[in-house]
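**Student:** Listed below, chain by chain, are the residues.
2 protein chains.
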Amino acid sequence: MRLVIARCSVDYSGRLDAHLPEATRLIMVKADGCVAIHADGGAYKPLNWMNAPNTLNIDDSTWTVANPKGETLTITLFEVLSDVDAELGEDPGLQKDGVEAHLQELLAARPESIEDGLRLVRREYPTAIGPVDLLCRDADDGVVAVEVKRRGEIDGVEQLSRYIERLELDSTLGDVRGVFVAQVVKPQARVLAESRGFRWVEVDYDDLRGLRPDELRLF
Amino acid sequence: MRLVIARCSVDYSGRLDAHLPEATRLIMVKADGCVAIHADGGAYKPLNWMNAPNTLNIDDSTWTVANPKGETLTITLFEVLSDVDAELGEDPGLQKDGVEAHLQELLAARPESIEDGLRLVRREYPTAIGPVDLLCRDADDGVVAVEVKRRGEIDGVEQLSRYIERLELDSTLGDVRGVFVAQVVKPQARVLAESRGFRWVEVDYDDLRGLRPDELRLF
DNA sequence: ACTTCGATGTCGTTT
DNA sequence: AAACGACGTCGAAGT
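Protein sequence lines correspond, in order, to chains A and B.
The first sequence: position 153 = 142 (the numbering used here), numbered continuously.
The second sequence: position 112 = 101 (the numbering used here), numbered continuously.
Rather than coming from a laboratory, the hints here were simulated on the basis of the structure.
Just so you know, not all the hints are guaranteed correct.
No copy labels: a pair is met if it fits in one copy or bridges any two.
[Stated by the list, open to error] Think about it this way: if two alpha-carbon atoms lie no more than 20 Å apart in a straight line, the pair counts; the simulated SDA-like pairs of lysine to any residue are:
| id | residue 1 | residue 2 |
| --- | --- | --- |
| 1 | Lys58 | Leu158 |
| 2 | Lys175 | Glu89 |
| 3 | Lys85 | Arg139 |
| 4 | Lys175 | Ile47 |
| 5 | Lys85 | Ala41 |
| 6 | Lys175 | Leu66 |
| 7 | Lys175 | Arg111 |
| 8 | Lys175 | Ile143 |
| 9 | Lys85 | Ala117 |
Bear in mind that the values here come from a model prediction, so they are computed numbers and not experimental data.
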């Protein structure tokens, strides 16, 4: 990784056109050829960037980055304040815990934690507009479509609406009931879900993972 | 901005939990207090980060970043290979050209490029749930609501649906026809648009800008 | 402050 | 490779 701090101006031409006037910035060049131009503030997103795969051409004080799609990034250097190069090596990578896929797995293994008597028919049940998270049958053998989100917001309810519309059109399933499941269901999402005739359920991630004893649920 | 290259391990706890095993990485600390941990590859997104506002506490080889929401990032340093500090100053900011707003302008100036005989009534026509991109009348004087996107995906069709529902409720416009316009309309968006009774149209940004001669369209 | 929506989104997964 | 949805999305604009 090479880190250059320099007074520079930058031009990008590609999916849009963008220009950065002369100022002091960080230019970060990674081992895979990615280039990013950072200011001294504003979260982690760079002002300009170019992702791999691309080619970096350094001609005196003009750096030109080009990729196969025909996008170009041109950096003009006026004064270099610092220039550091270091070999970092491969990164072992990030371990995450607590994302939606995990939540869906846990619910698929224990559909009864959503509603008494609920049985899983299929995970990721396919429709023309995408897969339904969980397709189930309830205690009365009715078809139930379950949408799982980590955070339950309006978009998720819209998604469930579309799936149910599709399921009722495309199949011989007949009436399909909707259930919206999330760790937290936002007030607006509750209102919309109810107005669409869906149940909404909040579940606890730690409970599902079995970190808390099941007995606690009996109370 | 402070740039430290070091062998380190990192733990994040907040919206999820994540762990980075010991390896050599870049730690970037910006003037506003943001911290980002970068590997030597993988686009511009850091492996871990913490945005402002937050507090950075450096205690020997353990750095702790905490924000008001209770999220924490803990960095344990094993070996520092490089440590650079520089004053960058304010950035004058990025100038952009070619985003959705621009596309909408061009279409407003030439509604007939969407559909023969289409005339603009108003751009950003207001409704209770937000402005409709273009409100038009067609060759038969029927009301047409146009939603403009750079890339046409399902969300955009949903947005158009909500606007039309509103327009038909709130006004004396009567039936409103929907047209979904984008540079590229994705297959799922096509299906949904058609099932809602909307037309979808793909337009070319360069054509609209007039970079290609109009005569080309005659063939 | 909160919500909505665009983005050179980026990233992973599946087709 | 293309499409599709999730994201610790980020960030700006409007309320």
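**Student:** Evaluate each hint against the coordinates.
**Tutor:** Going through the hints against the structure:
1. Lys58 to Leu158: Neither. Shortest intra-copy (40 Å) and inter-copy (44 Å) distances fail the 20 Å Cα cut-off.
2. Lys175 to Glu89: within (16 Å within a copy, 25 Å between copies)
3. Lys85 to Arg139: within (14 Å within a copy, 33 Å between copies)
4. Lys175 to Ile47: neither (49 Å within a copy, 37 Å between copies)
5. Lys85 to Ala41: neither (24 Å within a copy, 22 Å between copies)
6. Lys175 to Leu66: neither (46 Å within a copy, 39 Å between copies)
7. Lys175 to Arg111: Intra 27 Å, inter 27 Å, cutoff 20 Å: neither.
8. Lys175 to Ile143: within (8 Å within a copy, 22 Å between copies)
9. Lys85 to Ala117: neither (30 Å within a copy, 37 Å between copies)
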